[in-house]
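Colleague: These are the residues of each chain, in order.
2 protein chains.
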Amino acid sequence: MIKVAILGVGTVGSAVAEILKRNQAVIQARSGKKIVPVVGVVKDLNKKRDVDIELTDDIESVLNRDDIDIYVELLGGVEGPHQILKRILKKGKPVVTANKALLAYHRYDLQAVSNGVAIGFEASVAGGIPIIKALREGLSANHIKSIQGIMNGTSNYILTKMMHEKVSFEQVLKEAQELGYAEADPTFDVGGYDAAHKLLILASIAYGVHGDPEDILIEGIEHISQEDIYFAKEFEYTIKLLAIAKRRGSQVELRVHPAMVPSSKMIAKVDGVMNGISVVGDAVGETMYYGPGAGGEATASSVIADIIDIAREGKSSPMLGFKNPLEESALTLMPQEEIKTKYYIRMPVKDQKGVLATIASILGSCDISIDSFLQKPGVDDKDRVTLLFATHTCKESDVKRALEKINDLEFVLSRPNMIRIEE
Amino acid sequence: MIKVAILGVGTVGSAVAEILKRNQAVIQARSGKKIVPVVGVVKDLNKKRDVDIELTDDIESVLNRDDIDIYVELLGGVEGPHQILKRILKKGKPVVTANKALLAYHRYDLQAVSNGVAIGFEASVAGGIPIIKALREGLSANHIKSIQGIMNGTSNYILTKMMHEKVSFEQVLKEAQELGYAEADPTFDVGGYDAAHKLLILASIAYGVHGDPEDILIEGIEHISQEDIYFAKEFEYTIKLLAIAKRRGSQVELRVHPAMVPSSKMIAKVDGVMNGISVVGDAVGETMYYGPGAGGEATASSVIADIIDIAREGKSSPMLGFKNPLEESALTLMPQEEIKTKYYIRMPVKDQKGVLATIASILGSCDISIDSFLQKPGVDDKDRVTLLFATHTCKESDVKRALEKINDLEFVLSRPNMIRIEE
Chain A
654 MIKVAILGVG TVGSAVAEIL KRNQAVIQAR SGKKIVPVVG VVKDLNKKRD
704 VDIELTDDIE SVLNRDDIDI YVELLGGVEG PHQILKRILK KGKPVVTANK
754 ALLAYHRYDL QAVSNGVAIG FEASVAGGIP IIKALREGLS ANHIKSIQGI
804 MNGTSNYILT KMMHEKVSFE QVLKEAQELG YAEADPTFDV GGYDAAHKLL
854 ILASIAYGVH GDPEDILIEG IEHISQEDIY FAKEFEYTIK LLAIAKRRGS
904 QVELRVHPAM VPSSKMIAKV DGVMNGISVV GDAVGETMYY GPGAGGEATA
954 SSVIADIIDI AREGKSSPML GFKNPLEESA LTLMPQEEIK TKYYIRMPVK
1004 DQKGVLATIA SILGSCDISI DSFLQKPGVD DKDRVTLLFA THTCKESDVK
1054 RALEKINDLE FVLSRPNMIR IEE
Chain L
654 MIKVAILGVG TVGSAVAEIL KRNQAVIQAR SGKKIVPVVG VVKDLNKKRD
704 VDIELTDDIE SVLNRDDIDI YVELLGGVEG PHQILKRILK KGKPVVTANK
754 ALLAYHRYDL QAVSNGVAIG FEASVAGGIP IIKALREGLS ANHIKSIQGI
804 MNGTSNYILT KMMHEKVSFE QVLKEAQELG YAEADPTFDV GGYDAAHKLL
854 ILASIAYGVH GDPEDILIEG IEHISQEDIY FAKEFEYTIK LLAIAKRRGS
904 QVELRVHPAM VPSSKMIAKV DGVMNGISVV GDAVGETMYY GPGAGGEATA
954 SSVIADIIDI AREGKSSPML GFKNPLEESA LTLMPQEEIK TKYYIRMPVK
1004 DQKGVLATIA SILGSCDISI DSFLQKPGVD DKDRVTLLFA THTCKESDVK
1054 RALEKINDLE FVLSRPNMIR IEE
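First to last, the protein sequences are chains A and L.
Under the numbering used here, think of the first position of the first sequence as 654, with each following residue one higher.
Under the numbering used here, think of the first position of the second sequence as 654, with each following residue one higher.
Worth flagging that the hints you see were computed from the coordinates, not collected in a lab.
Fair warning: this is a prediction, and the values are worked out from it, not measured in the lab.
Each hint should be verified, as a subset may be incorrect.
Given that identical chains are not distinguished, each listed pair holds provided it fits within a single copy or across any two copies.
In silico SDA-like pairs for lysine to any residue, Cα to Cα no more than 20 angstroms straight-line [unchecked claim]: (1) Lys1029 with Glu867; (2) Lys922 with Glu1076; (3) Lys1003 with Val933; (4) Lys976 with Val689; (5) Lys1006 with Leu1040; (6) Lys976 with Arg675; (7) Lys656 with Thr813; (8) Lys819 with Gly1031; (9) Lys656 with Lys976; (10) Lys814 with Phe888; (11) Lys918 with Met816; (12) Lys918 with Thr813; (13) Lys798 with Gln677; (14) Lys701 with Thr664; (15) Lys739 with Gly729; (16) Lys746 with Arg718; (17) Lys798 with Gly948; (18) Lys798 with Leu728; (19) Lys686 with Gly861; (20) Lys922 with Thr813; (21) Lys686 with Pro978; (22) Lys1048 with Ser1014; (23) Lys819 with Arg999; (24) Lys686 with His796; (25) Lys687 with Lys976; (26) Lys1058 with Pro1001; (27) Lys674 with Lys976.
Work out the full structure, taking the sequences as your base and the hints as a guide.
Modeller: As structure tokens, then:
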């Protein structure tokens, strides 16, 4: 028998206990072991919960038990769980965690501390989708060329609604909050931080690359307007919040931002709260993984898959996919300003002579060449038009420089907005 | 060092040797071992090959070598490779195979013979997509409710072309043969047999269910016409060759046939030669896996992933996902006649009074109720119309009985065609 302790019995923890019970027979047949959740740790014992395991608010007593075989960490937070996991691993006990923030900061430290003791974290990225396993084991023969992921359901729900209905970001956000798809403070989701944590985890497995969330380019979807969507549709793009990892020589670029994606691509078809992750390998080509990125039972599905892997025994895939460091010189993060891609730029301007020429000349002086251009007349204000540009591939720093210059122009009515284009 | 012998050096075998060399550094970092293909077995040494390993036509000498750590079987055929794999496994040596036909017939025997020695077969289903790993390990917490897969690229290429261009099956097949997407004798692919082999492998992992290809419902795409596609578009369906496994109580239905799928579903968006497999679990909900189902490098990606898993050591996921048989009574195959789904029926009839009433009465007498109905006038022949029906859920045997009766009617001009509808 495998005894499991669940640290943190919220939505996911309750689902882990429930599924271990409901599917006990099939889980036992698959793992060869009876797996039993024996105790759950909660902060407040008085809070009513619909869960059928012993509960305690004394985490120390659970950490000190010798009969627990696997600890499941669902506490939330970063530094607290970090210390707890280290304690457990040093005792030689396996842990399973869904804590992406913890891993975004301390994954390499945990790998070092674990010393071969299993750390399962399938649930930390894209909920129920087994993307860690796919990347770490299924695609292990490949040099990973790129990862493009829709890994935040809240943002994808909002963008999908904005694409299908002519509503503003603010309106859809309010609706999403009422439906429980968005938090009261949505910054972590719509600002791209949640996706960035997940991206760092995947990038470690794909590339062995180091980095904290603060090191990478993160932009949210707050500035997307219906004018951007108008342009996107005109050029057969779909706007998605993408978490992107790309190999460029000995560097890896990591970035999270809204992007224009050709609507014909599979990743563009991932709608609503669902997640989808496209991985391109040098041998396999493009593969994509689709499914629910959140929710109690979906996330518990991944937590329990990790428990079963540990129960099956002897499994020794290295935590972050590398048994040894890469022999070739390690890959490093590409500085944000060096990133090269295509850009879409929107700016509202006064409808007067010479505007286009001035802007085109600024773009040219910053080494930016224009691929396509649209002009959209103002609806209420006839003296105002919106200019929409798409550029050829150019450098992030050049685009930022150009936007600053354009923003200073007297006839530019508000800050130009930019969305990167991913072909 | 891990020494690999490749039995069969065709497209896939050459790619395995090539990628093991090209990606040697990253594979060594991930697996912790230097993995080297040391010998390849071919039938004809005189045939020119662009591959950089020692070749021999003496398979016995390779099977008798004691220094080979892993055998890769890419020979093709069923009984020959079966005997060879048994010999290797009995010597305690791990094998990796892409041979779906072999596994469709002998998977349980190989599992029994292996006695814990590793058998990798990720490449046997859906080429480069790590679907075996996803199902066996990633979703192991779930009762699998259903699998719906597009697992034959040739058929999907043909159907995609037929949906997008107004061309006949015969025309597209010819084109596919010229492009090398279809064999000179395409029966194995377009007849559904290839997909059926793969389905049986997945069904073993999902359900522990036994069965040979001869035991399950297999229909090909040869009878799909532009009239069917007209109906499909009218009702927002896409026609796909689906391999379906569904749990129904203590039974499992397995079937391969063209199906009308709502165009909004992700599986309907898998176009061209690509593969896609949707798996629904009771905990996770729907997940989908997408990628190249064939091709030398894509298939080699899966072969090498299995080699790396073995090299990482200690990995002991049971071959077909179950360490022990299911404690609850084993699941059995549902007889074909018992299958229940919705049906679309097409029949060309003489344009005369009473036709519709007669047919409706036959359908009613066979317990089939009609959900929707379309009548399409003949183009060249004004006395001929095509009737298109969609039914509510009914029984396979009832539909077959009704079609026999309808076929006997004097005003029915040719055999009615039926396509199952999968919502």
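Colleague: 20 angstroms Cα cut-off: does Lys1006 pair with Leu1040 within a copy, between copies, both or neither?
Modeller: within (14 angstroms within a copy, 63 angstroms between copies)
Colleague: I want to check one pair: Lys918 and Thr813. Are their C-alpha atoms no more than 20 angstroms apart within a copy, between two copies, both, or neither?
Modeller: both (15 angstroms within a copy, 15 angstroms between copies)
Colleague: How would you label the pair Lys1029, Glu867 (within, between, both, or neither) given a Cα cut-off of 20 angstroms?
Modeller: Neither way: Lys1029 and Glu867 sit 37 angstroms apart in one copy and 62 angstroms across, limit 20 angstroms.
Colleague: Checking Lys686 and Gly861: alpha-carbon separation at most 20 angstroms within a copy, between copies, both or neither?
Modeller: Cα proximity of Lys686 and Gly861: across copies only (17 angstroms, versus 33 angstroms in one copy).
Colleague: Is it within a copy, between copies, both, or neither that the alpha carbon of Lys674 lies no farther than 20 angstroms from that of Lys976?
Modeller: between (35 angstroms within a copy, 19 angstroms between copies)
Colleague: Within a copy, between copies, both or neither: where do Lys819 and Gly1031 come within 20 angstroms Cα-Cα?
Modeller: Answer is within; shortest intra-copy Cα gap is 17 angstroms, inter-copy 42 angstroms.
Colleague: As a check of your reading, is Lys976 near Val689 (CA-CA no more than 20 angstroms) within one copy, between copies, both or neither?
Modeller: Between copies only: 17 angstroms across, 31 angstroms inside.
Colleague: Is it within a copy, between copies, both, or neither that the alpha carbon of Lys686 lies no farther than 20 angstroms from that of Pro978?
Modeller: between (34 angstroms within a copy, 12 angstroms between copies)
Colleague: State whether the alpha carbon distance between Lys1058 and Pro1001 is at most 20 angstroms within one copy, between copies, both, or neither.
Modeller: within (15 angstroms within a copy, 69 angstroms between copies)
Colleague: Measure nothing new, just compare the shortest in-copy and cross-copy C-alpha distances for Lys798 and Gln677 to 20 angstroms and report within, between, both or neither.
Modeller: between (40 angstroms within a copy, 16 angstroms between copies)
Colleague: Tell me, please, which holds for Lys798 and Leu728 at an alpha-carbon limit of 20 angstroms: within, between, both or neither?
Modeller: Intra 34 angstroms, inter 31 angstroms, cutoff 20 angstroms: neither.
Colleague: Checking Lys1003 and Val933: alpha-carbon separation at most 20 angstroms within a copy, between copies, both or neither?
Modeller: Answer is neither: 44 angstroms inside a copy and 54 angstroms across each miss the 20 angstroms cutoff.
Of the numbered hints given earlier, the model fails hints 1, 3, 7, 18; all others are met.
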